[in-house]
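Q: Chain residues, written in single-letter form:
Protein chains: 2
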Amino acid sequence: MGDQIGEIVNGKLIFIPFREFLRLINSDLSRPNKLKLLSSLCRVNVLYMVANAGSGHLGSSFSSMEVMSLMLSEMHTKKNHDETLSVFFSSKGHDAPALYSVMIGLGILDFSFIHQLRRLNGLPGHPDIHTPGIVTNTGSLGMGVSKAKGMIIADRIKKISKNYYVLTGDGELQEGQFWESLISAKNFKMGELTVIIDHNKLQSDTFVNKVSDLGDLEAKLASFGWKVYRVDGNDIEALLEVVEEGKKVTNQPKVIIADTIKGKGVSFMEHSSLDSDVEYYKFHSGAPNPDNYGKAALELLNAAIVEFESNSLGELAYEEINRIGMSSVVIGKQEKLVQAYSEALILETEKNNNIVALDADLILDTGLIPFKDRFPDRFIECGIAEQDMVSIAGGMALKGMLPIVHSFSCFLSSRPNEQMYNNSTEKTKIIYVGSLSGLLPAGPGHSHQAVRDIASISSIPGLIVVEPSNELETKRFVEWAIYQSKSSVYIRLVSVPIELPYRVEDLQLEFGRGIFVKKGVDLLIISYGPIFLRNAYIAALEIEEKFKISVGVLNIPWLNQIDEFWVSKNINQFKNIVVIDNHYYEGGLGQRIGAIFNKLKIDKQITCICIDSIPNSGQPEEVLAYHKMDVVSIVNRISKILLNS
Amino acid sequence: MGDQIGEIVNGKLIFIPFREFLRLINSDLSRPNKLKLLSSLCRVNVLYMVANAGSGHLGSSFSSMEVMSLMLSEMHTKKNHDETLSVFFSSKGHDAPALYSVMIGLGILDFSFIHQLRRLNGLPGHPDIHTPGIVTNTGSLGMGVSKAKGMIIADRIKKISKNYYVLTGDGELQEGQFWESLISAKNFKMGELTVIIDHNKLQSDTFVNKVSDLGDLEAKLASFGWKVYRVDGNDIEALLEVVEEGKKVTNQPKVIIADTIKGKGVSFMEHSSLDSDVEYYKFHSGAPNPDNYGKAALELLNAAIVEFESNSLGELAYEEINRIGMSSVVIGKQEKLVQAYSEALILETEKNNNIVALDADLILDTGLIPFKDRFPDRFIECGIAEQDMVSIAGGMALKGMLPIVHSFSCFLSSRPNEQMYNNSTEKTKIIYVGSLSGLLPAGPGHSHQAVRDIASISSIPGLIVVEPSNELETKRFVEWAIYQSKSSVYIRLVSVPIELPYRVEDLQLEFGRGIFVKKGVDLLIISYGPIFLRNAYIAALEIEEKFKISVGVLNIPWLNQIDEFWVSKNINQFKNIVVIDNHYYEGGLGQRIGAIFNKLKIDKQITCICIDSIPNSGQPEEVLAYHKMDVVSIVNRISKILLNS
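Sequence lines, in order, name chains A and B. At position 237 of the first sequence (counting the first as 1) the number is 237 in my numbering, and the numbers step up by one without a gap. At position 36 of the second sequence (counting the first as 1) the number is 36 in my numbering, and the numbers step up by one without a gap.
Note that these hints are calculated values from the structure, not bench results. Possibly wrong hints are sitting among the right ones.
[Claimed, not checked] Straight-line C-alpha distance at most 20 Å; calculated PhoX-like pairs for lysine-lysine:
hint	chain 1	residue 1	chain 2	residue 2
1	B	K399	A	K162
2	B	K159	A	K399
3	B	K189	B	K247
4	A	K158	B	K351
5	B	K372	B	K282
6	B	K158	A	K351
All chains, please: the whole structure from these sequences, using the hints.
A: The following block contains the structure:
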């Protein structure tokens, strides 16, 4: 589920235009040959889309390409005008570039979308039903089979007969809900349901069998009462055959283990070309660098050209586009919180024998690679199994260890929510570290954008939720969480590196108290985290200029523990107070401070500027603007307050 | 995980005193014989404890009794003075009466605890580490194996060598975390770990294989890389043998499938005496009625007496106690919200073809038996698989159905938290119904007491959280949720029947608006739900008497959607406002209204009376008093406010 931000390719990118897909579809090639060529053309376009977006998942898009081509063409073979015979979707969801490229190639999605991956009003990083042709929202692993079961039960009630095909990853099989969802399908005699496992042998970080060996996968699946098939998942003929074979079994759920090659089609991305001891697979997520893009594009394009010619389709046309990317020029020092966290953790672990770090297949994104290298015996890779991870941490804490549990905030705050509560009732101390917190990056889409995490965890007894806004503050919170906090701590980290427009002074944390980033007198803007404090600061300067008033900016990194006395003492000079939340209003800092002001009888009204809808997917600035959280919008919103006050 | 409230046996109860356990332990019987007799004595005491408590789980306490006797004696065989060679705990946790009875019999727990099941400062309904000898907190299913893994990893780091035995249920195997936790144990080569499955064939509601067939369980477990044993779990010799056999396997996790009989020892409770077509097993949870208690006690006692004699231990002494239970006299009409919900749901389903009800093995507690009988095709039993259930509902909603999803609030608000969010991003409409909400009943303990559920779900986009306080309001909310609400709804139901001290007038719901239960002028008490409104009302009368002021009581059943204008208009006459939350402050109604007052510049301070610690287990009144939520405490707390204002 990793979602690192890759390099951005500026310059020449190539893609296959729609007319070539039309030519293929309208040709008299056999169905298998059409699907083979469709896959080859789509691989070129997947590479284009990810390079153009600046992020996305190449490895599993390539491994699943033949399945995508076959199943989407299957799905869109209409029985009559408005009803399809079968339904297909990907449960893992991060193979969306492959899914989209085939939908675009088949004309299900407008071709212009090819330029719009991970863009506002374009194609979100993970599938969403508001895109035409998308069946269900995926992106957080393990839900797909359950959802298909629900659709099938609904069909049965409505006397509709359709086949459902759900594509899953193999790393995804570590997620408990997958096995949970298998169990009752047998009782339901769900012959309508076929799961296809894109068995490419690698999850985000490394080989699946290094994390959690799938063992005898065929026996395992069969023991759950499913009919099991196994096939070369990059071989269209073989896939077609097994899908047809499966249609004959109508009273039992079926699973096709599709052995595939991660990165299939680009020699240096193919996992089978790697030493099986390789520590980290480099092409799971993130865009290719310019050099890799060029080499990969050439290889994929040449293969497609050769295939077109050998199938008597003549010369394959392609188009070039000159990508003018967003500026990636960095003037000052970027604050990299995950890296700072990683360094601080290592420093403290040198001194503390009780620290163990647990990770759920996001070692790269959570900054734990250096930790694992330094303390291999105190690093526990739990796989994509957040509930198991959090309860493992609970067990370790009972034994006197200090477990530090890592995942993305979107997952960590919700998937193991009950397990965190259970740990809290034992009153042990555990540190949770959620990265990828808040609205940005918005490329992956709402499954990965954590803007309700504070609400969902703040009520866990004894759990203190904090969010640092710069590297130094991150370091201080790591020290504080390890040495000073008596109870459990959740450190909410923004993953996007950002340059701050103000100097970070040496700072000492004071429990529940804020830190003034900018002094002021008339208006106070309160926020937290690097991106939102940055925007608050720049907005403050513009408002000072515009209204000729003095604007303060206050960082409150304590998200559910506030020193009420301190707050009441330090805001009395301000006439207006605005809280900007990288979160929904519900459970956010603004709501909390508003309630505190009421409690303390402070006669100052808090105005909350919060995220107020499901997070949109796109580039950072366009999504900030969409949610009215960019500097321009903040200045406008605060201007209105000032004009009305 | 059911936790229905049983009948209360007032009158003569019997138990085996500690001296008889001592006599057994100090006898020269063989170890197997001692353990057999220990089990027989403990069965008598389990029955006593549950009858005395008024609730508890008999069926699985009896089925697991031999495992408990063996494993606890194993665990407390000391290597030296302070270190045990093995660690044992029950993951399912609701077999706590069996666990406690053996611990008490072996002298690990003070014998006086036998009278203190589900009592304040006694033994909580599910195990908690603050009871001596308890290893970890359980009660919510599926976490045990993960926790043991954590303990083993910690031991390995600390170079300690111990064996861990985790008892699970067989219904519990439907929970995804169980399978999630099995996977990596193989990679970890966890020879220290043995799972014992109390395979009694029944879960809360009915036979496991009717819900989710376990299939070839041995093959299934073996396919996850575990060494599998199978044994008669009520046969001490066989159990002993297999445990010893397992100790020889040191590089692979092991699982013992212990075939047991639910209700073992009491002929009419033994599931094997039941027709396998029986719809509902009656002795999963809840205390026996007086008649059943008498028959069961006689049978268990006689069996123990015979065994004592045939083992030359002479006459078995037992003690009688005259239980003077709490008054169960009901004067007026009790409001039964779950029953009212059930009736309203059936009424609406008659008129609406889109409604389907989903349940997670709590059909009795969620009031769905009449629904299932009336609409068998529109009832989906999902098993103990809340994540699967919620995503199934998501799939059904995408297909135009109106799924109504049921579980206890503690589980429903947390276990499938991310799945609920995923559904919300699809903007479909789903109704969630959580019963057993709030602090009471407090018998089951904190795993089952939902006092943070509002916080954990209120931030789910579009989810409207409501809580009715009487039968009529429940009916109105069912109608409103089905016909009027455009978006998803969570109905938070208190399960404890209660008599209200005021008349419920005919009422029409108005979105976001409160309902005055009692008019007043000087002080306003705001609350929600039957128990807390009842206490608020009685407290209001006492305060009126004490302070000679006029006190209003306002029911606000909208927990995350409040009509701000209405609130501001309707509170101006009150000098003091108190909100009483059946919830933590975090995310509760008091915090929310405080923030609204600040936003609306209302110069009235909200005083919040909330639950402020982990819920304690015990009888309703004693737990209310412990948390200062009984009428006396509320009057005292409000008196202080009035004296200080």
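Q: A separate judgement is required for each hint: does it hold in the structure or not?
A: Here's how the hints hold up against the structure:
1. B:K399 with A:K162: 12 Å, holds
2. B:K159 with A:K399: 12 Å, holds
3. B:K189 with B:K247: It holds: about 14 Å lies between the C-alpha atoms, which stays within 20 Å.
4. A:K158 with B:K351: 16 Å, holds
5. B:K372 with B:K282: 17 Å, holds
6. B:K158 with A:K351: This hinted pair holds, its Cα atoms lying about 16 Å apart.
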